[in-house]
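**Student:** Given the structure of chain U, go ahead and fit chain Y onto it with the hints provided.
Respectively, the protein sequence lines represent chains U and Y. Residue 340 in the UniProt record's numbering sits at position 340 of the first sequence; the count goes up by one each step and never skips. Residue 350 in the UniProt record's numbering sits at position 350 of the second sequence; the count goes up by one each step and never skips.
One should not assume that every hint holds.
Since the list gives no way to pick one copy over another, a pair counts as held whenever it fits inside one copy or between any two copies.
[To be verified] List time: in silico DSSO-like cross-link candidates among lysine-lysine, alpha-carbon distance up to 30 Å:
#, residue 1, residue 2
1, K52, K173
2, K272, K183
3, K5, K52
4, K272, K172
5, K173, K272
6, K180, K272
7, K2, K124
8, K363, K428
If you're looking for bench data, these hints aren't it; they were derived computationally from the structure.
So the chains spell out like this:
There are 2 protein chains.
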Amino acid sequence: MKQVKLGLLGFGTVGGGTATILKNTLSEIERRLGGDVSIQIIHIAVRDLNRKRAVEVDGAIMTDQPLDVVNNPDVDMVVELMGGTTLAKTCIETAIENGKSVVTANKALIAEHGNELFELAAQKGVSIAYEAAVAGGIPIIKALREGLAGNQIEWVAGIINGTGNYILTEMKKPGADFAKVLKTAQELGYAEADPTFDVEGIDAAHKLTILASIAFGIELQFERVYTEGISQITAEDIRFADQLGYEIKHLGIANRAEDGFSLRVHPTLVPKSVLLAQVNGVMNAVMVNGDHVGPTMYYGPGAGAGPTASAVVADIIDLIRAEHQPQADRVPGLGFALNQLESAPVLPISEINSAYYLRCFAKDNAGVLAELSATLAEHHINIELLHQEPSSQNPDDATVVIITNQVKESDVDQAIQTLEAMDAIDGKIMRIRVGALD
Amino acid sequence: MKQVKLGLLGFGTVGGGTATILKNTLSEIERRLGGDVSIQIIHIAVRDLNRKRAVEVDGAIMTDQPLDVVNNPDVDMVVELMGGTTLAKTCIETAIENGKSVVTANKALIAEHGNELFELAAQKGVSIAYEAAVAGGIPIIKALREGLAGNQIEWVAGIINGTGNYILTEMKKPGADFAKVLKTAQELGYAEADPTFDVEGIDAAHKLTILASIAFGIELQFERVYTEGISQITAEDIRFADQLGYEIKHLGIANRAEDGFSLRVHPTLVPKSVLLAQVNGVMNAVMVNGDHVGPTMYYGPGAGAGPTASAVVADIIDLIRAEHQPQADRVPGLGFALNQLESAPVLPISEINSAYYLRCFAKDNAGVLAELSATLAEHHINIELLHQEPSSQNPDDATVVIITNQVKESDVDQAIQTLEAMDAIDGKIMRIRVGALD
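Just chain U, with the same shape it has in the complex (with noise of 0.2 Å):
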């Protein structure tokens, strides 16, 4: 019998999970296998040993020492479910080093540190294998590298952070703003203490580096995406995006252009009938679109011990399939071969093309839609939909909503420019892309 010993990093949600299915689940995984292999974890590493843990394990197979795991040597896989892009970061290399295959659910490490580390295990001959770092369980790293492999693929795009996705669901319900349901999200234990991770799209932002570089076979660039957060998007902005035939996500974004690619996270307004636009709540799900296969969605759940853990002992499984495959026939950590890797750079936001969602505040005479849709015409900007109503914020005042067609945004914001200089226009110009999606 074949025997696969594992040695764990961090022993809570996920990795109690990992040893949930592992125990619960392995005769139907040895079935897989052929029934004579057995995967056993050996050592696991973790920050308290004295706290109490929701999965049983023997206290002997314990450390506080995370590096005794990786040195071990009795340790055939290494798998990283710690967090954080120090300790980590050493850790995995070590392993690396000592000519273990390291599965990991790290999305901020590998989005990161990703190109050093794959380099590095392609060094050395072994894998790091990443399916759990975005979208929990859904296999969507397996279907980018392998599943559309005849494809050049257009674009992703993705709800890809649960917290943000239940948040603006919350937002659609009568008298909810964000703060309150902020305040909900937190009491459930959706969102952090402190949400800036989530809510900024921070999160969304290191899972988007990773989606873009399997999807177009280049490097991983985290400090080139474009970050923008949910936390001004109003309960009006939703009702306004739902009446014109919208749904607003948070989505992360990366396409190909023509001069480069885009790579972006930022609350989008969805067309109804785009599929994506129906998840709600806290599952995640990512679109890719295809050059030959068209439009393809995966959906499922992003967070969670059984989610999450299903990904890692997939990835535990596809690893143990490989050991015995020449290098040079597996499956790249990047999708592409590391010596492929495009160079062809990340547009600045500004050189995008969107529709676009602006709202303002308007002074309500006869004017006023004229001198708008004038100044958005000097910009080369059409309007497409446009719905005004009575302000609530303000008895004298109107509110416009417009949909614009398809335009450059640094267009769009000297468009914005003028008009709040407008003595006709009251405050700022909210301003939300539109993702066409299609």
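**Tutor:** For chain Y alone, kept in the frame of chain U given last:
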């Protein structure tokens, strides 16, 4: 440079699509494979050598003798896109005997003869890949066999026939009925002149057979799939379902029950809150529920040159990568090792548990509803939802629509027999299964 020489059997829509991808997207595929691989079509069998082809190929590599292709010693891998279960079977068997791996899009052949073909392939140390056989461009085979390998799969439910889904979607429009919409579908090329294969669920049953086998690790059992078409569904049923919060979808469902498995294709009421209910037109989608991951869904185009060829080419790439992998380490044809397939029985349809939509015409007098519910109660059936309105057929009747609780199908059938014998009930009762999908 490594050269992979393909032999194609069939050069229609999907064959042309495959050639197009291998021409237009080859540089991207080579970037994935490391840049030192070339993939070339060197032999093509067609039925009619004189037919004009949409995609240009060298006439010298064409033959009308498919066995010449599978017996060509220069051909490394056979791609079977000819369809049918007789000559195609012989060709694939011969290819396997000759030590060649096979990629096929042939759902009927896999569903009806897969057990013997996978056995033969295992003996000869080659692989049969068939991602294109189910749900076209959606990499659902890969998701089930690999991406969700850490789960015991509880159930699979999918819209796996685009023609049927197009018809049901169009039937929601005012004034539409089955016959009219079918005619339009035929004019648009979405339905065949003889639509039986799609509309009566045979095509879906082939695909469901495959999904069930790789979900549960059981033998392919096409002959055990219960199959019911959509030709009896009326526009009025679709409207009633809508009013009660459901869409009617033609689903393939495979689920694990206490005493066996259930494999079935039939019209199903799906709650609108379930994302699968929002999949419209010719698109396909498959929901998979695993014990750890929970509900996931895979969506995309289920047919057409580009999507189907996308799956064919992904399989070709997979097989190239697996060439030097020890056979025992490869993903087995049905996802589970052949000697590990379970033999739990497939339950007869009368044994399934489901909620039901019942629609009947009742004489519009005070006591009927009481009698109806008393009869149901005698058969241990509760009414969860009830809707009554004047019959559109007969001014003296009321149409009564009921959603029941979860009950055994044989109980419902008995209750229907009793009801149909009642004086107060006019004609037959329409019965459609309700899928909770949670």
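**Student:** Take the hints in turn and mark each one as holding or not.
**Tutor:** Hints, one by one, checked against the model:
For the homomeric pair K52 and K173, neither the shortest alpha-carbon distance inside one copy (39 Å) nor that between copies (59 Å) is at most 30 Å. Within a single copy, K272 and K183 get their C-alpha atoms as close as 27 Å, and across copies as close as 29 Å, so both meet the 30 Å cut-off. With identical chains, the CA atoms of K5 and K52 are at most 30 Å apart within one copy only, with a shortest distance of 24 Å there and 58 Å across copies. Taking CA atoms no more than 30 Å apart as the test, K272 paired with K172 passes in both settings, with 14 Å inside one copy and 18 Å between copies.
Within a single copy, K173 and K272 get their C-alpha atoms as close as 17 Å, and across copies as close as 18 Å, so both meet the 30 Å cut-off. With identical chains, the CA atoms of K180 and K272 are at most 30 Å apart both within one copy (25 Å) and between copies (28 Å). Taking the shortest Cα distances, K2 and K124 sit within 30 Å of each other both inside one copy (23 Å) and across copies (23 Å). Taking the shortest Cα distances, K363 and K428 sit within 30 Å of each other inside one copy (13 Å), while across copies they are farther apart (64 Å).
In the structure shown, a violation is registered for the earlier hint numbered 1 alone.
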